[in-house]
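Work out the full structure: start from the sequences and follow the hints.
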Amino acid sequence: MTGNGNEAKPAMSEDDQLKAAWSQLTLVLSFFSRIDTKLSVVLGLNLGMFAVLTSRITKVEDLHLLLVLLLVACLLLLTLSLFHLYKGAFPDLKGGTNSLVYFGNIAKLSEPAFVGAYRALSTTALVEDIHEQTWRNSKILVGKFYALQKSYQWTLAAVVPWLISLALVSTK
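Numbering (this note's numbering), first residue to last: 30 to 201.
There could be a bad hint or two in this list.
Straight-line distance between alpha carbons at most 16 angstroms, and here's what the computed EDC-like set of lysine to aspartate or glutamate pairs gives [what the hints assert, rightly or not]:
(1) Lys179 x Asp65
(2) Lys38 x Glu157
(3) Lys48 x Asp158
(4) Lys116 x Asp158
(5) Lys48 x Asp121
(6) Lys168 x Asp121
(7) Lys123 x Glu161
None of these hints come from the bench; they were simulated from the model. All of these numbers come straight from a predicted model, not from anything done at the bench.
Here you go:
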């Protein structure tokens, strides 16, 4: 031992590897509810902005070119935000082939086939399957974060035409 922190450490036991793998997967999965909550908040904000704006327009005669352009801009930006909200709420779930951890593959099996395959699974194979699921869920999570970020950006961009439209409608 040289004391520099680069000493070889003994490999984890299979039980420790299994616990660590489940812990890592659980950590990754814990972020999903946080993102889904934020996606719901942005959805509520978008729908609220749309509802407030449409409730203020009482007569078609009050619409003039500037207001129509602002309304179209606001609607377009909110639609882009909603598109990204959809992508975040319903991510691509491809992957996890032959996995006994991934719900999509489990659902393809009959109950006896799943139970039999799971009973026959070695600890090493289960640890590998959990690691694969952790990686796949991390990829899905990154996509959800990206969709949330884009949705925030489009909603923020919609605020300007939304506020100007509200001001123009309120002066009538």
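Status of the hints after comparison with the structure:
With a C-alpha separation of about 14 angstroms, the suggested pairing of Lys179 with Asp65 holds against the 16 angstroms cut-off. A C-alpha spacing of about 21 angstroms is found between Lys38 and Glu157, which places the hinted pair above 16 angstroms, so the restraint is violated. The suggested pairing of Lys48 with Asp158 holds, with an alpha-carbon distance near 13 angstroms, which does not exceed 16 angstroms. This hinted pair does not check out: Lys116 and Asp158 have alpha carbons roughly 26 angstroms apart, beyond 16 angstroms.
The straight-line distance between the Cα atoms of Lys48 and Asp121 is roughly 28 angstroms, outside the 16 angstroms bound, and the hint therefore fails. Of the supplied pair hints, the one linking Lys168 and Asp121 holds, its CA atoms being roughly 10 angstroms apart against a limit of 16 angstroms. For the hint linking Lys123 to Glu161, the alpha-carbon distance of about 13 angstroms falls within 16 angstroms, and the restraint holds.
This entry does not satisfy hints 2, 4, 5, going by the numbered hints stated previously.
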